[in-house]
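Trainee: Chain residues, written in single-letter form:
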Amino acid sequence: MPPIQTALAIEASGLVKRYGEKVALDGVSFEVPRGTVCGLLGPNGAGKTTAVRILTTLAEADAGSARVAGLDVHASAKAVRRLLGLAAQEATVDGLLTGRENLIMIGELHHLGRRTSVARADELLDQFALTDAAGRLAKTYSGGMRRRLDLAATLVARPEVLFLDEPTTGLDPRARNELWAVLDTLVGEGTTILLTTQYLEEADRLADDIVVIDHGRVIARGDAAGLKRQVGGSQLFATVADAARLPEAAGILARVSGSAPEIDEAARSVHAGGDEGPRAVARLGEALADAGIEVEDLGLRRPTLDDVFLTLTGAPADAGADAPQAAEVGG
Amino acid sequence: MSVRIPVPAERRGGLARDTWVIARRGLLHIRRQPEALADVTLQPVMFVLLFAYVFGGAIQVEGGDYQEFLMGGIFAQTIVFGAFGVAIGLAYDRSNGAIDRFRSLPLSQGSVLGGHAVASLLRGLLPIVLMSLCGLIVGWRITTSVYEAAGGYLLMIAFSFAIVWVGVLLGSLLPTPEAVQGVAFTVLFPITFIASTFVPADTLPEPLQTVANWNPVSAVSEALRVLFGNPTSESDAWPMEHPIVYSVIWIIAIVAICAPLAIRAYRRTIAR
Ligand SMILES: Nc1ncnc2c1ncn2[C@@H]1O[C@H](COP(=O)(O)OP(=O)(O)OP(=O)(O)O)[C@@H](O)[C@H]1O
Ligand SMILES: [Mg+2]
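Chains A and B, in that order, are what the protein sequence lines are. Take the first sequence: its position 86, counting from 1, is numbered 86 in the numbering used here, and each next residue is one higher. Take the second sequence: its position 139, counting from 1, is numbered 139 in the numbering used here, and each next residue is one higher.
Check each hint, because a few of them may be wrong.
Unchecked claim - No farther apart than 25 Å at their CA atoms in a straight line, the calculated lysine to aspartate or glutamate pairs in the DMTMM-like style are these:
1) 139(A) with 101(A)
2) 228(A) with 90(A)
3) 78(A) with 35(B)
4) 139(A) with 39(B)
5) 139(A) with 126(A)
6) 139(A) with 65(B)
7) 139(A) with 178(B)
8) 78(A) with 11(A)
9) 22(A) with 100(B)
10) 22(A) with 90(A)
11) 228(A) with 189(A)
12) 139(A) with 234(B)
13) 228(A) with 248(A)
Note that these hints are calculated values from the structure, not bench results.
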């Protein structure tokens, strides 16, 4: 395989994709430098899968162009397929083949030859802790095992550019951490990764750069720290036992955090921005206790995808998910 | 991590090799699905036995036993039903993402469809062999020369090949395996019965007789009877007088029309 010659592993420019009336992508552009991890972050229906399908040659854009490893995905589809690995959103392992047969078949379809395919399959089964289940039909695997097999299948030919569509959906926390560790190893070896996710935390943990999309448009991009700065950092919050004392609690919170608090009557909680960290939590707890307010929960809440969306679009992530024109682009 | 096995530069893949890898997978699928396996083994054998013994006494054909008349028809019907297998296989692959997985690999163009086609052709051979054996047991005999008999089997293979494309077309146009099943029962089933498959066409009511006489399933049934030296349905409609020529015309027409349509439909459904 020839190494990637260009500095950019992925270039998307002005991608548009329509499904009938529905505009799934409305001019999406971004670049991923070679050897880095890019997180494509967005809520349901944002257009993440559509973007991945175009970049991996599975779908054709109605307008715009895309290059992977410097090769046009439309004009050089086959060369692009040789370089990429794709783990689709729904695991696509073959349930009627065993785990081992699945991997060997992928190797053969990559033209690795029978013997190399077998050796590579066994190596990956071992790496993904599937050796014990290697001889079982994949339809008998648990969801997490199927995901791991799917990812192993993606890595058979050592792709230079890896596309992972919501790779950790359906994994338990331990499996998720293991997967993250595998991705770290791959990045260490120089693989470029584009992963989609709905969780800022995951993008934060893995990605060098984050591209936030909503309704088929890029609404923000940058590294995790930058995005969080836009959102305003962590939130200090307290949930009280007696809703009647919310205003009083809000006053105390305002004093401790130094910024204007918001009251959520339904959740019986107050919250406010502020970057003072854990010490502010301790001071808030003390102040509330001194005032004799019974507290049920107290802490620092890290910004979530919802907060990012609230800040960037002025609307919660899921509101009007099917109305492409709803979002006012702010970023 | 364990030892790194170097992945060699890509070897010349070739359509044939890719097609065979996909075909082998299709054959494994059949072996591992009891209902698919029954479709190509038990069902044809049951059909031969049921028709031979249930209708055998009631239906008179000129110039021989009903068992001998029956075999040509039952071969033809089984081949037509082969279309289900291809269509369901494709619809299944499309609904569970396997086609997407294949398309993200550097496969030779046409190898996914080719693999499905080869697998279903090979799968089609098994019931033909089983039914031949079963036929011999119930009293069917080939009374013609080796060449004519070989011609009969060749005709079956050619007809199977044509039917594969009907299956690809169905599998590309219909979204789910269930939809395929529905169409199969409402369209393919009647086509194989309004024909001289199981009874001579002249025993049918007048309008159906015309349909049956010009039905390709009748033509193939009748051509096989001629090639194997079995009693024929003795109809004097043109297609029934020239069943071999008429069958070949149909086979060519089905391939010429269905194959391009099927490939187009398939491309369109996968490239969304
Ligand atoms: N094949 C299709 N036909 C019609 N509409 C489609 C098709 N694929 C996607 N869409 C629409 O395009 C939009 C973007 O879908 P996409 O699957 O890319 O979103 P996503 O960001 O991957 O969402 P999720 O997080 O739910 O996976 C959605 O509104 C979806 O309904
Ligand atoms: Mg998606």
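Trainee: Do the alpha carbons of residue 228(A) and residue 189(A) lie within 25 Å of each other, as the hint requires?
Mentor: violated, 29 Å
Trainee: Would you check the hint for residue 78(A) and residue 11(A), treating anything up to 25 Å between C-alpha atoms as holding?
Mentor: holds, 17 Å
Trainee: Checking one constraint from the list: CA of residue 139(A) to CA of residue 234(B), max 25 Å. Satisfied?
Mentor: Violated, at about 53 Å.
Trainee: For the pair supplied as a hint, residue 78(A) and residue 35(B), is the alpha-carbon distance within the 25 Å limit?
Mentor: violated, 37 Å
Trainee: Residue 139(A) and residue 65(B): Cα distance at most 25 Å?
Mentor: violated, 48 Å
Trainee: Checking one constraint from the list: CA of residue 139(A) to CA of residue 39(B), max 25 Å. Satisfied?
Mentor: holds, 22 Å
Trainee: Does residue 90(A) lie within 25 Å of residue 22(A) when you go C-alpha to C-alpha?
Mentor: With Cα atoms ~22 Å apart, residue 22(A) and residue 90(A) stay inside 25 Å; holds.
Trainee: Holds or violated: are the alpha carbons of residue 139(A) and residue 178(B) at most 25 Å from each other?
Mentor: holds, 20 Å
Trainee: Under the criterion that the straight-line Cα-Cα distance not exceed 25 Å, is the pair residue 139(A), residue 126(A) satisfied?
Mentor: Between residue 139(A) and residue 126(A) the Cα gap is close to 19 Å, so the pair holds against 25 Å.
Trainee: Would the pair residue 139(A) and residue 101(A) pass a check requiring their Cα atoms to be no farther apart than 25 Å?
Mentor: Judged against 25 Å, a Cα distance of about 13 Å means the pair holds.
Trainee: Keeping to a limit of 25 Å between CA atoms, is the pair of residue 228(A) and residue 90(A) held or broken?
Mentor: violated, 30 Å
Trainee: Can you confirm whether the C-alpha distance between residue 228(A) and residue 248(A) stays at or below 25 Å?
Mentor: violated, 29 Å
Comparing the model with each earlier hint shows violations of hints 2, 3, 6, 11, 12 and 13; every other hint is respected.
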